[in-house]
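Residue numbering for the sequence shown follows the UniProt record's numbering, beginning at 1 and increasing consecutively.
Hints listed in this document are in silico derivations from the structure and should not be mistaken for laboratory results.
Each hint should be verified, as a subset may be incorrect.
Claimed, not checked - Mimicking DSS-like on lysine-lysine, the simulated pairs with C-alpha atoms at most 27 Å apart in a straight line are:
1) K312 / K255
2) K309 / K297
3) K373 / K641
4) K339 / K293
5) K517 / K504
6) K301 / K282
7) K280 / K267
8) K329 / K282
9) K312 / K293
10) K648 / K339
11) K293 / K255
12) K293 / K329
13) K86 / K468
14) K339 / K301
15) K282 / K297
16) K339 / K299
17) K504 / K468
18) K312 / K342
Claimed, not checked - Derived CB-CB ranges, DEER-like:
19) E354 / G185: 35 to 41 Å
20) T440 / D543: 21 to 27 Å
21) W90 / E354: 41 to 47 Å
22) Q319 / Q523: 30 to 36 Å
23) D200 / N577: 44 to 50 Å
24) K312 / N577: 47 to 53 Å
25) Q617 / D488: 36 to 42 Å
26) V489 / A314: 28 to 34 Å
By construction, the Cβ of each residue, glycine as well, lies at the ideal position given by its N, Cα and C atoms.
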Amino acid sequence: MQILRMPHSCLLRHQASIAFTTFVKAIQSLSANCVLIGALLSFGLPQTVFASNVPSPRLKPAPPALSQYLNDNDARNLRKAVAAAKRGSWSEYINLHNKVRDPLARDLLTWVRATRDPNAPQETLNIAAQRLSDWPRQTTIRAKAEANLFDRPIPPRATIEWFKGEDPVSGEGRMALARANFAIGNNEVGDMWLRSAWRDSKLTRDRQKTVFGEFKTKLKPDDHAIRADHLIWNGRYHLTKAQALLPHMASNERKLMDARIRVATNKSGMDAAINAVPVKYKNDAGLLYERAKWRRKRKTKDYALPVYKSVKTAPTNIQGRKALWREEKLMAYWLISEKRYKEAYQLAINHGFERGTEFAEAEFLSGWLALQKLNNRPVAQQHFKNLAETVTTPVSLARGYYWLGRASIGAERAIAFQQAAQYQNTFYGHLALTEMSDATPTLNLPPENDFSFSEAQLNADPRVRAMKLLAEIGDEQLYSQFSFHLDDVVESIEELSALSKISKDYGYMRPSLRAAKQASRFQTMLTNSGYPIIQVIENMPNDFEKAFVYAIARQETEFETNAVSSARAYGLMQMINSTAKYTARKHRIPYSQSRLLSDSDYAATLGAHHLNDLLEQWDGSYILAAVSYNAGPHRAKQWIKTYGDPRKGDIDPIDWIESTPFSETRNYVQRVMENMQVYRARRNGDSHPLYIERDLRFGQQ
Numbered sequence: 001m002q003i004l005r006m007p008h009s010c011l012l013r014h015q016a017s018i019a020f021t022t023f024v025k026a027i028q029s030l031s032a033n034c035v036l037i038g039a040l041l042s043f044g045l046p047q048t049v050f051a052s053n054v055p056s057p058r059l060k061p062a063p064p065a066l067s068q069y070l071n072d073n074d075a076r077n078l079r080k081a082v083a084a085a086k087r088g089s090w091s092e093y094i095n096l097h098n099k100v101r102d103p104l105a106r107d108l109l110t111w112v113r114a115t116r117d118p119n120a121p122q123e124t125l126n127i128a129a130q131r132l133s134d135w136p137r138q139t140t141i142r143a144k145a146e147a148n149l150f151d152r153p154i155p156p157r158a159t160i161e162w163f164k165g166e167d168p169v170s171g172e173g174r175m176a177l178a179r180a181n182f183a184i185g186n187n188e189v190g191d192m193w194l195r196s197a198w199r200d201s202k203l204t205r206d207r208q209k210t211v212f213g214e215f216k217t218k219l220k221p222d223d224h225a226i227r228a229d230h231l232i233w234n235g236r237y238h239l240t241k242a243q244a245l246l247p248h249m250a251s252n253e254r255k256l257m258d259a260r261i262r263v264a265t266n267k268s269g270m271d272a273a274i275n276a277v278p279v280k281y282k283n284d285a286g287l288l289y290e291r292a293k294w295r296r297k298r299k300t301k302d303y304a305l306p307v308y309k310s311v312k313t314a315p316t317n318i319q320g321r322k323a324l325w326r327e328e329k330l331m332a333y334w335l336i337s338e339k340r341y342k343e344a345y346q347l348a349i350n351h352g353f354e355r356g357t358e359f360a361e362a363e364f365l366s367g368w369l370a371l372q373k374l375n376n377r378p379v380a381q382q383h384f385k386n387l388a389e390t391v392t393t394p395v396s397l398a399r400g401y402y403w404l405g406r407a408s409i410g411a412e413r414a415i416a417f418q419q420a421a422q423y424q425n426t427f428y429g430h431l432a433l434t435e436m437s438d439a440t441p442t443l444n445l446p447p448e449n450d451f452s453f454s455e456a457q458l459n460a461d462p463r464v465r466a467m468k469l470l471a472e473i474g475d476e477q478l479y480s481q482f483s484f485h486l487d488d489v490v491e492s493i494e495e496l497s498a499l500s501k502i503s504k505d506y507g508y509m510r511p512s513l514r515a516a517k518q519a520s521r522f523q524t525m526l527t528n529s530g531y532p533i534i535q536v537i538e539n540m541p542n543d544f545e546k547a548f549v550y551a552i553a554r555q556e557t558e559f560e561t562n563a564v565s566s567a568r569a570y571g572l573m574q575m576i577n578s579t580a581k582y583t584a585r586k587h588r589i590p591y592s593q594s595r596l597l598s599d600s601d602y603a604a605t606l607g608a609h610h611l612n613d614l615l616e617q618w619d620g621s622y623i624l625a626a627v628s629y630n631a632g633p634h635r636a637k638q639w640i641k642t643y644g645d646p647r648k649g650d651i652d653p654i655d656w657i658e659s660t661p662f663s664e665t666r667n668y669v670q671r672v673m674e675n676m677q678v679y680r681a682r683r684n685g686d687s688h689p690l691y692i693e694r695d696l697r698f699g700q701q
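Required output: the full structure, derived from the provided sequences and hints.
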């Protein structure tokens, strides 16, 4: 028998359970469309059978809980309190904080105030600095607390006890300890902290006056000269504080510091001040730095170069060494553009660093110049050995060992390439693989194990639970502060994998990728977490090279769809409004700036079209397309004119990349090229032929 279905409107009126007799009366009142029910009743079905098929009335389901960890009142008040804190409405925040009962949520609110309120009470700062000492942003919190200890002193022994044997993080903290130790007769310790604070911290202008007034009998002219040197190296903002110290120095040092300040500020009397500097200080690194920088900015680089060359000794001040290296690096890359390679090398080797980012930059540049431009293999080898034996990150290790291989011969060459090739998600690791065989190598990515057991371990950590509370209220900014802190301190690759997964589950891609990238601390990689497959990109037409789109998106935003840069670039692919509008018009796509943030499919599509346009503009050259995406097509044209065209064989593509003067763009191109190789493998079962050499030369005719 064909069964007709009751019209939906009838069913809606009769789903409640009712007594059978009432049900029959209701059936009789139905419209002709419901006659079938009456026919069924006429078959004499037992009342109990028919009645049992009538659904029971349903209660309205309870609304979902606002939090997995808090009751609804605490969840609501936590959300409102954090919002009030971000507005700076501290009276509203206090009222809401007092209503929260959950201990962890209260701790989280205490931490929020300690980090955000410039006038946070000392009690709040003490809790955040001591009971929550392993939570994020401790330097900021402790610096605020230490400033309070200096501005509003507590009893000396209480001050010493507050630090519990830990070194202060600020000049104010060092001064508070100095004052406390002097007060109880520990003059030697007090003197040590006084000189440390005075010579090597910024202090505000008012606090500098306070310290000078309180301790001027203990401070010597040398202390004032060393402090002035420190302040001048820290930049223009601190020059007035340095100038205030001039009357308290010895004559020779006063003349030197006066000349440095006048040159730095382009002040009248500059030449006379330089001439007045005693002979013993004529070649002071700080004075030469200011003079060279003045010439470079206001005259020409050629006019500045002799002064840069005359710096023979690196500054003792770390900020000074960094500032001088920034200038020397800028000049070295200018000299490279002028093909004055020997002069560039002489500037690069005079860096004065033993480790750190600046050391890696300077040793690489020195080695590369020695090998590729000066044809001095033994000298290059030593620079690359220095680099490889000192750096710690996979990117720098692969770079050092690859170039050590290029500088070596025989067995040493093979060993160096093998060491570089261990870092199989890096640009130079990929290039090292290609050097080890005449055949095209295959990139095989390591599997990422299932570390789900570690998430349970992480959940036992109050910081992780606090982070999850922030996710529940939708505060990605504060959530990321916890995640970035945790990925720096967790002690195993399993915990990093779990941390990355937690962020991904909340839809927070940037902290998820950052956690996965920290696998480099353990000299390995998290394949799935670090290189996720994104459906937005997978859904694109095959007209786009998806691995290249992945490579750009990962480098631009780490797949964060609502990213906005300081340059007002928007969305997943970081397009500025003018470029996005032009691309949309060219490809007949309706344009909406707001959709760059609200619609990830739209943002990805426009970005992919722009990438294709750049590839077409540069005859398929990936490196020129990447340079253009990062620095603009005008830079690519400028650097082709300066260094040669990598598409025409004028210059080795690797040397072309390393010649370009912007460190951000050099890094960008290398990261994009390595990302593309990895994503080809990710989209092919984690294995794919490695075509990086071909890709670097794409566009060559």
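Hint check results:
| no. | hint | result |
| --- | --- | --- |
| 1 | K312 / K255 | 21 Å, holds |
| 2 | K309 / K297 | 17 Å, holds |
| 3 | K373 / K641 | 19 Å, holds |
| 4 | K339 / K293 | 22 Å, holds |
| 5 | K517 / K504 | 14 Å, holds |
| 6 | K301 / K282 | 21 Å, holds |
| 7 | K280 / K267 | 23 Å, holds |
| 8 | K329 / K282 | 23 Å, holds |
| 9 | K312 / K293 | 16 Å, holds |
| 10 | K648 / K339 | 19 Å, holds |
| 11 | K293 / K255 | 19 Å, holds |
| 12 | K293 / K329 | 12 Å, holds |
| 13 | K86 / K468 | 18 Å, holds |
| 14 | K339 / K301 | 14 Å, holds |
| 15 | K282 / K297 | 21 Å, holds |
| 16 | K339 / K299 | 21 Å, holds |
| 17 | K504 / K468 | 12 Å, holds |
| 18 | K312 / K342 | 17 Å, holds |
| 19 | E354 / G185: 35 to 41 Å | 39 Å, holds |
| 20 | T440 / D543: 21 to 27 Å | 26 Å, holds |
| 21 | W90 / E354: 41 to 47 Å | 46 Å, holds |
| 22 | Q319 / Q523: 30 to 36 Å | 31 Å, holds |
| 23 | D200 / N577: 44 to 50 Å | 45 Å, holds |
| 24 | K312 / N577: 47 to 53 Å | 50 Å, holds |
| 25 | Q617 / D488: 36 to 42 Å | 41 Å, holds |
| 26 | V489 / A314: 28 to 34 Å | 33 Å, holds |
Checked against the numbered hints listed earlier, the structure breaks none of them; every hint is satisfied.
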